[in-house]
Amino acid sequence: MDDFVYAETDPAELARYREEVQTWMNENMPRRDPVNPWHPTQDDDERSSRNRELQRRLSDGGYAAVCYPKEYGGQSLTAAHQKIIDDVSMDFDMPILFSVPTLSICGPVILEFGTEEQKQRYIPAWIRGDELWVQFISEPSGGSDMAGALTRADRDGDEFIINGSKIWSTFAQRSDYALMLARTNWEVPKHRGLTMFIVPIHHPGIEIHPIQMVDRSEEFCQEFFNDVIIPAENVVGEVNDGWTVASRLLFHERAAVGNASPYTQGRHRNRTADGVEDLAAIARDHGGADVGRHRQRLGHMETLSRVEELLSARVVKGIEGGFLPAPAGSLVRLFHGLSRTERQTVAMEVQGDRALVWNEGEDTGAFGLEYVQRQQACIGGGTTEMARNIISERILGMPREPAADRDLPFNQVPRSG
Amino acid sequence: MVPGTLRGKRSNTPLNVTGWRCRGGIAPVRFDLSDDQEFFRETARRFIEAEVPISVVREWHDHPDGYPQSWWQAAAELGWTSLMVPESLGGGSISGRPIVDLTIVADEMGRGVTPGPFMPTNVVADTLGRSGSPDQQALLEGVVAGEVVLGWAFCEPGGDWTADSVSAAAVPSNGGYALTGTKVAVEAGAQAHHLLVTARTQDGLAQFLVPADAPGLTITPQESLDLGRRFAEVRLVGVPVDPEAMVGTPGTATEADVERQRQVMVVLQCADNAGSAAKVLEFTVQYAFDRYSFGRPLASYQALKHRFADMKLWSEASQAAVDGAADALADGADEARMVSVAKSYVGDHSVELMHDCVQMHGGIGVTYEHDLHLYLRRATVNRGLFGTPGDYRVGLSKMMGY
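Residue numbers (our numbering), protein chains in the order written: chain A, 16 to 432; chain B, 80 to 481.
One should not assume that every hint holds.
Unchecked claim - Examples of chain B residues lying across from chain A (beta carbon under 10 Å, computed):
| hint | residue |
| --- | --- |
| 1 | Glu302 |
| 2 | Leu383 |
| 3 | Lys384 |
| 4 | Phe387 |
| 5 | Leu392 |
| 6 | Val473 |
Just so you know, these hints were derived from the structure itself, not from any lab. We put the CB at the ideal spot given by N, CA and C, even for glycine.
For reference, chain A alone in the conformation it holds in the complex (with noise of 0.2 Å):
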């Protein structure tokens, strides 16, 4: 499988359930909050009960993750269908924690990769808004190296055991599960001897910190394991074919993050990225003089994020008819990237010196913050950088960059520290 079913759907069918969707949202979901649309909650465990909350509700009216099989839990719709609850949502509150990464980074791997008596007791359980996943694949050793991994699961009898370190995990410290990729092993090349595990998060022998960014948000954390006992059951995939698994996992992610997953649901909406009109307003009443640049601030903003969306369906298009490769979804998120960072730049800049120093109870200051910490978008899901050596490489099809670890014993690859 390289690349999602976008089946074709009756425009008229489709109406039809937009109007169903718009009609059950009105009286089920609540309305985004008019006076604070953007951080409805900055309490975690507020968030995570929230979300979950949510989660049901969708999931009892039958609008959630319904790209789903109906045999797990979902509705067996299309893309389009899922694309009408994201639109119409836009003016709800989403349970969005369970999108990314639960319902399209983990779910698709597990749809792919698990086994029967795995998708029926785990797929239904994050429709439902049961269990929230998040990702083990990071390590402190190296986040794009990925299949350097030095997380290692020893074999003992039906169980694993496993000793090390993950990190950049999505609040796991209110999660349930995770996908975990360890060394299984030491004696093979590194893409030959890992694995990927379903790990229970709150269990003996695993710590969660959680990791203060530059906001002093606590979103991501780090995880340390000592000798944690896992089953043989919870393996994904084969025992040592783990790099397949993460291989699908990593086209998942990009998918996710460049808007072209069927399996996302509702959209986030940044304040300060995406909030175009606002900014106008904004400019209108507290622009001064500069009217010039701020016009020409505006315009790029606009065009870069018609401009996303235009790319966005361009590549979605692109793989599904075989014109593009599978790996294309890295030009939707290098394009992100960076539009998102110069976004963030604008709507700084048009704010002034609202954005930098502000009165007690004023809000501004968030574009600056923002601003401070707009590189996270060219960071989190996989850099710019390696989104160039995708493009480059397995588009363009130039030579792959050298790599001193290829066809060596991983115990002998050369590593830091």
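Position chain B relative to chain A; hints supplied.
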């Protein structure tokens, strides 16, 4: 390092525009072409490759009109001038979405830096088909046959390509009008058989279809950065025209016509630039495979690979922006915004991409002998005429309420 390991897997295969398998090995402009559109596109490409390869493009630089009339008639036989003309008047599109079909040709012409009065003829033909009188529409038969070339006299010295900046006057005289004013950068001005002149009347903006040999009309060829296409200055000194020369109704109706003409023109410019940017990227990628330095192909250096990745992104995003604008025009939905987005993005990125490709070529890239500058010249002209990317960003900002 083993010699040869840095060779790209496709180092000896020519790349197509997407760098990947494409129908018939030839790249599509967009990914949703019907079989008919695909056939139309392929025919256009083969015609250009056979009739106007780059060596002929260079020969025609010295041709007084920029192209032989017989060639334009051959192009017209392929449908290049009939798409925007209604079927009832002898024209017809491929897909029922004429502007989309037209961008297919514009893209191919951009890839070939193909000369010819394609843009102004189609833009004016579109307006005649929509707003022209039956007598004016009778001309379209000749347009469809490639016998009649049309020009649009719009911009004035110091003007900014907006209708507001038009000051040419149409003064009532002898039961008709007398036209006075100066127009510049009129594409195909000296080749056109008829000129659509945008001017002001006491009833607001108006347009007149004026034969090129009208008394009081002086047409002087101008020099241009673009060596292929031709531009002229058009001076009107009391040019007498009948009331029947007016196209459409003065005031808001004509303002809408002018806006439409500008939008169609800009979409064609952007399609042309997206096509030529894709072509330039294609042969520059090939050059990076073929050119060795320090015992390695240029394509093996990460510093350059990353720049190629950015260029590939700009190229694909430009194409997406062109398609979005053409779709918006075809559907009559949000077209002002989407056309502005296209010019704002494609105008800048296509030209930047070409400058970067010059850089990738090194010294040979800045010679007259190399073809790169032919593309860059044309793309730069497209970028600036009918408004710069910056002008369209200002327009977008106004649409957003600022």
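Chain A contact restraint on B:Lys384 - CB to CB distance below 10 Å: Holds - the Cβ of B:Lys384 comes within 10 Å of chain A, reaching about 4 Å at its closest.
TODO: Classify the hint on B:Glu302 as holds or violated, based on whether any CB of chain A lies nearer than 10 Å to its CB.
DONE: Interface hint status for B:Glu302: violated (30 Å vs cutoff 10 Å).
Hint check, B:Val473 versus chain A [nearest Cβ-Cβ separation less than 10 Å]: It holds, given that the least Cβ distance between B:Val473 and chain A is near 5 Å, below 10 Å.
key: When the least beta-carbon distance from B:Leu383 to chain A is tested against 10 Å, hint result   = At 8 Å from the nearest chain A Cβ, B:Leu383 passes the 10 Å test, so the hint holds.
Proposed interface contact between B:Leu392 and chain A, which counts if any beta carbon pair is under 10 Å
Cβ of B:Leu392 sits 5 Å from chain A, so the hint holds.
Problem set entry | Per-residue hint verdict: B:Phe387, partner chain A, C-beta under 10 Å | With a minimum Cβ separation of about 5 Å from chain A (threshold 10 Å), the hint on B:Phe387 holds.
Consistency note: the structure conflicts with earlier hint 1 alone.
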